[in-house]
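**Student:** The residues making up each chain are set out below.
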Amino acid sequence: MNNELNEYKTIALQGLWKNNPGLVQLLGLCPLLAVTATLTNALGLGLATMAVLIGSNVLVSLVKDFVPREIRIPVFVMIIAALVTCVQLLINAYAYGLYLSLGIFLPLIVTNCVIIGRAEAFASRNSVVKSAFDGFMMGLGFLLVLSVLGASREILGQGTLFEGADLLLGDWAASLTIHLWQVDTSFLLAMLPPGAFIGMGFLIAFKNIVDKQIADHTTTPAVTETVTRARITKVS
Amino acid sequence: MKKSMIKNGLLLAVFALFCTALVAVVNQQTFDKIKQQQQLELKRVLHQIIPDELHDNELTEYCILIHDEDALGIDEPLPSYIATKQSLPVAIAIEAVAPDGYNGNIRLVIGINTAGEVLGVRTLNHSETPGLGDKIDLRKSDWVLGFNRKSIQDEKDRLWHVKKDGGDFDQFTGATITPRAYVKAVKNALLYFNSNKDTLLTRPANCEVNYQ
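First to last, the protein sequences are chains X and U.
Each residue of the first sequence is one higher than the last, beginning at 1 in our numbering.
Each residue of the second sequence is one higher than the last, beginning at 1 in our numbering.
Where hints are given, some of them may not hold.
If you want the ones that stay clear, here's a sample from chain X, every Cβ over 10 Å from chain U, calculated [unchecked claim]:
1. LEU13
2. TRP17
3. LYS18
4. ASN19
5. VAL58
6. GLY103
7. SER124
8. ARG125
9. VAL129
10. LEU144
11. TRP181
12. LEU189
13. THR218
Simulated crosslink set (EDC-like; lysine to aspartate or glutamate; CA at most 16 Å straight-line) [to be verified]:
14. U:LYS43 x U:GLU61
15. U:LYS184 x U:ASP70
16. U:LYS3 x X:GLU7
17. U:LYS7 x X:GLU7
18. U:LYS43 x U:ASP56
19. U:LYS85 x U:GLU58
20. U:LYS43 x U:GLU58
21. U:LYS184 x U:ASP154
22. U:LYS7 x X:ASP65
23. U:LYS2 x X:GLU70
24. U:LYS184 x U:ASP157
25. X:LYS130 x X:GLU7
Example chain U residues on the side facing chain X (calculated, C-beta under 8 Å, incomplete) [as the list claims (entries may be wrong)]:
26. LEU12
27. LEU22
28. ASN27
29. ILE34
30. GLU41
31. LYS43
Keep in mind that the hints were calculated from the coordinates and are not lab data.
No residue lacks a Cβ here, since even glycine has one placed at the ideal position from N, Cα and C.
Here chain X stands alone, though its shape is the one from the complex (with noise of 0.2 Å):
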């Protein structure tokens, strides 16, 4: 039982720390980079990256069994799809704003490597229950990324803070965004793409940081895991 907990525990701290899909495996740069111009964008883009990657990982942990290996990619490629095509779809019905400011990033979730990285390493591997909870983490560990990129790109940007979140979540969050500063013209260079690169060097130095001094301040060495991890480190 214990021994389930800490499996648990590993699951939740590599998807949100030690193997976080945006800082560490540099999975799903381009729309990472694209629709984090602002919070309401991020926070979208980011739950609907998580719920295909809850989906597809409980999918694919399901039918692992059946399917063998030479034929396995192009049958999560074709589970993958059909997820982000029903998000897709239920996003243009519900959260039209949304679907509008997202565009074409949101069919473009299908190419993010996150989602087929973690149906090939981790739940055509395990069980049905740790694959949504592993989809549900590293989904998460993506949508705080993003939402610390978006929001501090809004606000260096526009001096807003959730600007258009009414377009997420109805009309009553119009009042959640924040004015924090009037500017007259925007901060280009926070708005644009090179000032998401730059942003997401300061988050990757600021891990490193607190890594290091995690590191320099444990003088036992942590218990080493044997749990193999496939490692995915292709760029999308």
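Start from chain X and add chain U according to the hints.
**Tutor:** Then chain U, alone, in the frame of chain X:
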């Protein structure tokens, strides 16, 4: 070897069927809602290009279907909406398609008053490259406002091109195909309106809009 190929092929087919079924079900469930959302969006856009003070009718209720591939860029009937004031036509919003964009059809709507002057143009739907071709979207850039108050004399009007081709409209850095297609679509619709003005504006409403 042969056996495993057949087995794998069949398995793939089963998965394809399953995935298609899933998408089909979701599509059917969301179809009406999406249609309704698009109608709301259309209403919002029409409201922008034909100002309220010009007309006193509900735009989406006076709608005619136009089927003309040369003028509207697609071999399908497309709706146009006629604005009237005291039952006299004052303006029309024509839906058209730019078929030669960079990536698929661009759907747009053009508001024209009875004098043949553009009241406004908006993009309804497109899949142009983000950051390059998507400046046709008012959310990204105010390029479409450049059409406001423009009119056209005849087919050979030199101004109705992008600047690169000697015309009056900016192209986008790195994306000339999109604005070129767009200007052409607006131009064709405008020419069509000029030469069919009288028959268009007196046609009875003949398309059902399921607006709720």
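**Student:** All hints, please: hold or fail.
**Tutor:** Comparing the hints with the structure gives:
1. The beta carbon of X:LEU13 sits about 33 Å from the closest Cβ of chain U, which is more than 10 Å, so the claim that it is off the interface holds.
2. The beta carbon of X:TRP17 sits about 30 Å from the closest Cβ of chain U, which is more than 10 Å, so the claim that it is off the interface holds.
3. No beta-carbon of chain U is positioned within 10 Å of the beta-carbon of X:LYS18; the least distance is around 32 Å.
4. Non-interface status of X:ASN19 relative to chain U is upheld: no Cβ of that chain comes within 10 Å, the nearest being about 29 Å off.
5. With a minimum CB-CB distance of about 13 Å to chain U, X:VAL58 clears the 10 Å threshold, and the non-interface call stands.
6. Listed as a non-interface residue, X:GLY103 fails to keep its Cβ farther than 10 Å from every Cβ of chain U; the least gap is roughly 7 Å.
7. With a least CB separation of 14 Å from chain U, X:SER124 remains clear of the 10 Å interface cut-off, as annotated.
8. Against chain U, the non-interface label of X:ARG125 holds: every CB pair exceeds 10 Å, the least being about 19 Å.
9. The claim that X:VAL129 lies off the interface holds: its Cβ sits roughly 22 Å from the closest Cβ of chain U, which is beyond the 10 Å cut-off.
10. At the 10 Å boundary, the C-beta of X:LEU144 stays outside the reach of chain U, the nearest C-beta of that chain being 24 Å off.
11. No Cβ of chain U approaches the Cβ of X:TRP181 within 10 Å, the least distance being about 23 Å, so the stated non-interface status holds.
12. Once the 10 Å rule is applied to beta carbons, X:LEU189 is consistent with being away from chain U; the minimum gap is 15 Å.
13. Distance check for X:THR218 against chain U: the nearest CB is about 44 Å away, which clears 10 Å, and the non-interface claim stands.
14. Restraint check for U:LYS43 and U:GLU61: satisfied, since their Cα atoms lie roughly 10 Å apart, inside the 16 Å limit.
15. For a cut-off of 16 Å, the pair hint linking U:LYS184 to U:ASP70 stands: about 11 Å separates their Cα positions.
16. Note on U:LYS3 and X:GLU7: the hinted pairing is violated, with a Cα-Cα distance of about 40 Å set against a maximum of 16 Å.
17. A C-alpha spacing of about 36 Å is found between U:LYS7 and X:GLU7, which places the hinted pair above 16 Å, so the restraint is violated.
18. Of the supplied pair hints, the one linking U:LYS43 and U:ASP56 holds, its CA atoms being roughly 15 Å apart against a limit of 16 Å.
19. At roughly 10 Å between alpha-carbon atoms, U:LYS85 and U:GLU58 fall within 16 Å of each other, so this suggested pair holds.
20. Distance restraint check for U:LYS43 and U:GLU58: the Cα-Cα separation of roughly 9 Å lies within the 16 Å cut-off, and the hinted pair is therefore satisfied.
21. At most 16 Å may separate the alpha-carbon atoms for a hinted pair to count; U:LYS184 and U:ASP154 meet this at roughly 13 Å.
22. With a CA separation close to 15 Å, the supplied pair U:LYS7 and X:ASP65 stays within the 16 Å bound.
23. A threshold of 16 Å between alpha carbons decides the hint, and for U:LYS2 with X:GLU70 the separation of about 14 Å falls inside it, so the pair holds.
24. In summary, the hint linking U:LYS184 to U:ASP157 is supported, as the alpha carbons are separated by about 12 Å, within the 16 Å threshold.
25. Distance check on the hinted pair: X:LYS130 and X:GLU7 sit about 9 Å apart at the alpha-carbon level, within 16 Å; holds.
26. Because the closest C-beta pair between U:LEU12 and chain X is about 6 Å apart, less than 8 Å, the hint holds.
27. Taking 8 Å as the C-beta contact cut-off toward chain X, the hint placing U:LEU22 at the interface holds, the least distance being around 5 Å.
28. Evaluation of the U:ASN27 hint against chain X yields a held restraint, the C-beta minimum of about 6 Å falling below 8 Å.
29. Checking U:ILE34 against chain X by beta carbon gives a least distance of about 5 Å; that is within 8 Å, so the hint holds.
30. A least Cβ separation of about 7 Å between U:GLU41 and chain X falls short of the 8 Å threshold, and the interface hint therefore holds.
31. Because the smallest distance between the Cβ of U:LYS43 and any Cβ of chain X comes to about 12 Å, over 8 Å, the interface hint for this residue is violated.
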